[in-house]
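Modelling step: build the complete structure from the supplied sequences, incorporating the hints.
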Amino acid sequence: MSIETPCIAVCMLDPRSGLCFGCGRTMPEIARWPRMDGAERVTIMASLPGRMAEAGLEPLRPRKPTAAS
0 MSIETPCIAV CMLDPRSGLC FGCGRTMPEI ARWPRMDGAE RVTIMASLPG
50 RMAEAGLEPL RPRKPTAAS
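Everything in the sequence shown is counted per numbering that gives the first Met the number 0, starting at 0 for the first residue and increasing by one.
Just so you know, the hints here were simulated from the structure itself, not pulled from any lab data. Since this is a predicted model, take the numbers as computed values, not measurements. Glycine residues also receive a C-beta, built at the ideal position from the N, C-alpha and C atoms. Check each hint, because a few of them may be wrong.
[To be verified] Using C-beta positions, here's what the derived DEER-type ranges look like:
#: 1; residue 1: G49; residue 2: E3; range: 14 to 20 Å
#: 2; residue 1: G37; residue 2: R15; range: 26 to 32 Å
#: 3; residue 1: A38; residue 2: R15; range: 28 to 34 Å
#: 4; residue 1: G55; residue 2: I2; range: 15 to 21 Å
#: 5; residue 1: I2; residue 2: P48; range: 17 to 23 Å
#: 6; residue 1: E57; residue 2: D36; range: 29 to 35 Å
Shown next, in the form of structure tokens:
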């Protein structure tokens, strides 16, 4: 069973708000994510756009895959 996640592989925390620039989660949320039940993940994911906006953060775009040399 896969775990739905808002992660876009842009893992940098805003020092002011403590939110990830890529997904909007806090470090404790990221660390606990695999152990959360589905309802808790859905609740957090629904809150991410609002918390990013409240913190004045514009979500970053996912990293593009690089071609292997």
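Provide an ascending list of the numbers of those earlier hints which the structure does not satisfy. Checked against the structure, the only hint that fails is number 4, while the rest are satisfied.
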